[in-house]
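K.L.:
Here is what each chain is made of, one letter per residue.
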Amino acid sequence: AQKVTQAQTEISVVEKEDVTLDCVYETRDTTYYLFWYKQPPSGELVFLIRRNSFDEQNEISGRYSWNFQKSTSSFNFTITASQVVDSAVYFCALRAPNYGQNFVFGPGTRLSVLP
Amino acid sequence: DGGITQSPKYLFRKEGQNVTLSCEQNLNHDAMYWYRQDPGQGLRLIYYSQIVNDFQKGDIAEGYSVSREKKESFPLTVTSAQKNPTAFYLCASSTRATGLLADTQYFGPGTRLTVL
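Listed in order, the protein sequences are those of chains A and B. Quick note: the first sequence, position 83, residue 83 per our numbering, numbers continuous. Quick note: the second sequence, position 107, residue 1107 per our numbering, numbers continuous.
Bound conformation, chain A alone (with noise of 0.2 Å):
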């Protein structure tokens, strides 16, 4: 079966602290797909990154990074010297054939930066 936990579900930080955001997925497959969604207070899913399980290459793009580990199955997000726009709910997911190729997300992890 396909899973994306996310176990953090709140998180709190003042403004300019770095944030770690965990997800932990499973899946049977060899060949996959996973994604990092920002949802603003507006609503809207905003797509933040794509990666394949065959590239485990972090990725680091202006104060965001993310770091893929197939062995533990991790995909973590975290953001450097955080801003209160950084507050939202971000979300995890995960697309694989053994699931019509859909997308699984996880849970949600609601982040607010404060002042």
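Keep in mind that the hints were calculated from the coordinates and are not lab data. Treat the hints with care, as some may be off.
[Claimed, not checked] Taking CB as the label site, the calculated pair distances span:
no., chain 1, residue 1, chain 2, residue 2, range
1, A, Asp18, B, Ala1081, 46 to 56 Å
2, B, Gln1056, A, Ser12, 37 to 47 Å
3, B, Thr1077, A, Thr72, 34 to 44 Å
4, B, Gly1040, A, Arg63, 24 to 34 Å
[Stated by the list, open to error] Listed next, the stretches of chain A that the computed footprint assigns to chain B, with coverage defined by at least 3 CB atoms under 8 Å from CB atoms of chain B:
no., stretch
5, 41-55
6, 104-115
Where is the CB? At the ideal position from N, CA and C, for every residue including glycine.
Based on the hints, put chain B in the right spot on chain A.
P.N.:
Chain B in isolation, oriented as in the chain A frame:
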């Protein structure tokens, strides 16, 4: 600008009434999806469509119906059979539903449905 639009943003319905949520995209995407989001929970797939005049049930299709008569449009009807319809509904689209795992789903702004 290319994107996905959903209307209305807020919708109120009386118990026993059917209501239709609109979703339109001008991204020329083949695949479209409907998700339901309840407070504090992730997204659950209601229906998806890979091509015009074709659609499949997702994990929680009971009490919902869809149509796909045009590539750009994928309306969702919440019927009176849906026992707990109050939720946030999100529409998404992607280039293709199958055959390309890398396809990213892009989302609309959502419709918040409240049953009175």
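K.L.:
With reference to the structure, classify each hint as holding or not holding.
P.N.:
We went through each hint and held it up to the structure:
Evaluation of the 46 to 56 Å hint for Asp18(A) and Ala1081(B) yields a pass: the beta carbon distance comes to about 48 Å. Separation of Gln1056(B) from Ser12(A) is about 40 Å and conforms to the stated range, judged on CB atoms against 37 to 47 Å. One distance hint, 34 to 44 Å for the beta-carbon pair Thr1077(B) and Thr72(A), holds here, with the actual separation near 43 Å. Our hint of 24 to 34 Å for Gly1040(B) and Arg63(A) holds, since their Cβ atoms are close to 26 Å apart.
Counting residues of the stretch 41-55 of chain A whose beta carbon lies closer than 8 Å to any beta carbon of chain B gives 8, which reaches the threshold of three, so the coverage claim holds. Taking a C-beta to C-beta cut-off of 8 Å, the stretch 104-115 of chain A contributes 4 residues in contact with chain B, enough for the three needed, and the coverage statement holds.
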